[in-house]
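Undergrad: Chain B: place on chain A using the hints.
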Amino acid sequence: MQPDISVQNLSKTYEDGFQALKNIDLDIQKGEIFALLGPNGAGKTTLISIICGLVNPSSGSVKAAGHDILRDFRAARSAIGLVPQELSTDSFEKVWNTVSFSRGLFGKAPNPAHIEKILRELSLWDKRNSRVMSLSGGMKRRVMIAKALSHEPDILFLDEPTAGVDVELRRDMWEMVRKLRESGVTIILTTHYIEEAEEMADRIGVIRNGELILVEEKTRLMSKLGRKELRLHLQHPLDTLPPELVDQPIELSEDGYELIYTFDSQQEQAGVALLLRTLGELGVEYRDLQTRESSLEEIFVGLVHHD
Amino acid sequence: MNLYGIRAIYKFEMARMWRTLMQSVASPVISTSLYFVVFGSAIGSRMGDIDGISYGAYIIPGLIMLTLLMQSISNASFGIYMPRFSGTIYEVLSAPVSYVEVVLGYVGAAATKSVILGLIILATARLFVDYSVLHPFWMLAFLVLTAITFSLFGFIIGIWADGFEKLQIVPLMIVTPLVFLGGTFYSIDMLPEVWQTITLFNPVVYLISGFRWAFYGVSDIHIGISVAMILVFLTLCMVLISWIFRTGYRLKP
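Just so you know, the protein sequences line up as chains A and B, in that order. Note that my numbering gives residue 283 to position 283 of the first sequence, counting from 1, and the numbers run on in steps of one. Note that my numbering gives residue 16 to position 16 of the second sequence, counting from 1, and the numbers run on in steps of one.
The set of hints was computed from the structure by calculation and includes no laboratory data.
Pulled a few chain B residues facing chain A out of the computed Cβ check, cut under 8 Å:
#1 Asn2
#2 Tyr4
#3 Gly5
#4 Arg7
#5 Ile9
#6 Phe12
#7 Arg19
#8 Ser86
#9 Gly87
#10 Tyr90
#11 Val92
#12 Leu93
#13 Ala95
#14 Pro96
Keep in mind it's a predicted model, so treat the numbers as computed, not measured. Glycine included, every Cβ here is placed at the ideal spot set by N, Cα and C.
With the rest of the complex left out, here is chain A (with noise of 0.2 Å):
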């Protein structure tokens, strides 16, 4: 199948001399959620604003949706909803009539039933007659949202949609995501909550300086890259780990009441067989035990800060 978002050799050198982006190839396929994930300045933004022609590649080529975003920048461009991650809205507008004015921008016929469709999924049916400053930047957030699907886009791009915005929001933007993405949505994220991506992409891409890193399965990722983690606590508190284990990945938590074992997730699981039967030959007794898998934020740490 033809990818939704195809990127091939893409970089990117602003005029200033700083190179954003370092040959980026990134196909994403119809339907998925795919969050992008890196720390400030990685390069994030600049990949997102060249597919939907805010900033001029230096290099490279982009097709979404099938069309070269250049040369065939007409269809390209109106397959993509964009919801960036400042917050500009224009004030003196009313909610009502600046996201019938997206829909127009975009080439749409208007269509009052779906723009009413839209504001009532976002919570924003009563605020329709409200100017936009009266509103509070929750709310905003939601406008352009509204804005962006306004023209029913195949393919949606928010750039970190939940930075600054409360929890209730957050939710019922992780619920309007899966909406879209059951009827069909591509939907590109960017976020700094890890839990963000954890909790809804299908893949992850993580950029560093520029670079993609890695792009990966989610489930895969965690599992390849995720370490598992053994907590025994301790019937007796220890003075100092038994020498028997001193050579093993153990620690004696400072009160002496709790072994941590931690251990990769795709290594046999024979090292946990090991070392019950090594405690028991020991006669260290445990009266309760517990196994951790680490979250997508340590693996992204540890990606991030690997050089």
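TA: Frame of chain A, contents of chain B only:
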């Protein structure tokens, strides 16, 4: 052609005018009325005719041009500067509209406003002085062409400006002197010879002269030259705008 897109921008910009009716219509009408009262009625009644036209009537074309130029520039420059300033320009840049369509929307709206304003001032002038329009078609043509040309010029300023100061500086520091020295209040024949020659480098002279010809059939400069000059300036602005969009100057990094 993305007609809905052009319409959206045009409507948006026109709505801005209605929202700021006092500023965009009332204030130029009031200030022009003051000119008519002071120069047309008060001082004008003590002045002789110029080229056989009463002084009050003589200054009408120049005063309309003054407002037309100032308003075209400020409307169009503000229209494109504001979205750049507030960041909402992202939407226009990411939309399937070509630069010609963007310009049609923004400049079309700015020019429409100026033409409406010019006609309002023309009607207001009736309250103070008697005048006739000899060539109504050419009068309208000049009005529209000038409005378009200077709205394009304003659009360029709105893209070039990186602060509110720059936005104001061109209309205030350049256009006002050019209009005042461009024969609004006098015929250039009345100047010493050296100044007559210098005046010919002022593009506004051609506009006012041509516009006055449309009213009264008299002009300092041949009407053909006036039309040619305005078309030259129009072309220059269009070339500059196409360069702006081709290179993404101040719009796309």
